[in-house]
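**Student:** Go ahead and model the full structure; you've got the sequences and the hints to work with.
Our numbering applies: residue 1 is where the first sequence begins, and numbers increase by one.
Source of the hints: derived by calculation from the structure; they are not laboratory data. All C-beta atoms, glycine included, are put in the ideal place defined by N, C-alpha and C. Among these hints, one or two may not hold up.
[What the hints assert, rightly or not] Here are the simulated BS3-like pairs of lysine-lysine, each with C-alpha atoms no more than 25 Å apart in a straight line:
1) K235 <-> K184
2) K184 <-> K239
3) K60 <-> K41
4) K195 <-> K184
5) K60 <-> K115
6) K235 <-> K36
7) K36 <-> K60
8) K195 <-> K235
9) K195 <-> K159
10) K36 <-> K115
11) K36 <-> K239
12) K159 <-> K115
[Claimed, not checked] Across the chosen pairs, the derived CB separations fall in these ranges:
13) E194 <-> R2: 22 to 28 Å
14) S24 <-> E45: 28 to 34 Å
15) S78 <-> L179: 19 to 25 Å
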Amino acid sequence: MRLATWNVNSLRVRLTQLLDWLPSGQPDVVCLQELKLEDAKFPREEIAAAGYRAAWSGQKTYNGVAILARTDTQDVISGIPDFPDDQKRVLAATIGGVRVICLYAPNGQAVGSDKYRYKLDWYVAATRWIAAELAAHHSLAVLGDLNVAPEDRDVHDPKAWEGQVLVSEPERDAYRALLALGLKDAFRLFDQPEKSFSWWDYRMMGFRRNAGLRIDHVLLSPTLAARCTACTIDKAPRKLERPSDHTPVIAELR
DNA sequence: ATGGCTACGATCCGTAGA
Numbered sequence: 001m002r003l004a005t006w007n008v009n010s011l012r013v014r015l016t017q018l019l020d021w022l023p024s025g026q027p028d029v030v031c032l033q034e035l036k037l038e039d040a041k042f043p044r045e046e047i048a049a050a051g052y053r054a055a056w057s058g059q060k061t062y063n064g065v066a067i068l069a070r071t072d073t074q075d076v077i078s079g080i081p082d083f084p085d086d087q088k089r090v091l092a093a094t095i096g097g098v099r100v101i102c103l104y105a106p107n108g109q110a111v112g113s114d115k116y117r118y119k120l121d122w123y124v125a126a127t128r129w130i131a132a133e134l135a136a137h138h139s140l141a142v143l144g145d146l147n148v149a150p151e152d153r154d155v156h157d158p159k160a161w162e163g164q165v166l167v168s169e170p171e172r173d174a175y176r177a178l179l180a181l182g183l184k185d186a187f188r189l190f191d192q193p194e195k196s197f198s199w200w201d202y203r204m205m206g207f208r209r210n211a212g213l214r215i216d217h218v219l220l221s222p223t224l225a226a227r228c229t230a231c232t233i234d235k236a237p238r239k240l241e242r243p244s245d246h247t248p249v250i251a252e253l254r
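**Tutor:** Okay, structure coming up:
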């Protein structure tokens, strides 16, 4: 079973790239973030024609998440229960016995801002909810744009980024609290190339300079971590014309 | 030099991303 996550930064703009990528990436499950479209505008027919069922939770302009799957999606939940929130950032579904949680964590904008406060509050609520999901599902995977670079090796220039949003200690603490539920960062279960990133700024030729961050993650419960045989970042879509600023991360389960 | 792109929805600039 292959699980993938990709922040597409507008599904309308990236639909062709997604449809091209599905046959090459061969994922069984794909979590998408930043759809940036209303539910009525979700390209259900194109996705179905590509061989995928889908669940989605979108809104105009901002946010929006979807889970694509080759097989049935069951027990779909959108949003964090008991966390009233207009922002469409969370979607969960059970697929082939695996509980899949698709997350688009808040960016946080700037340390100390209202959005930063919201990000930390969101992490607390998400972590509390995922704890309950883990108690109910041994086979659980959290995939998404978590908007935290967990360690300095996940940052192209740790000195320049020190204390900044996406890297600050309170954000890293929030990320570690999520992992402390018993989740494993699938990417770090394996030897990886140095300077592996999943996002590069559009400006300053960020991708060409490999000036990136690793902020898109696949987190696995112990049961799934034991089944995981590989986790890779697929940089190919980032090389296309008019790319998303993020690129897919894929985990392979036996 | 603190900018530099991109997407969106409003217009011909502001908001947001990360």
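**Student:** Quick one: which hint numbers does this structure break? Sort them smallest to largest.
**Tutor:** Hint check: 2, 14 fail, others pass.
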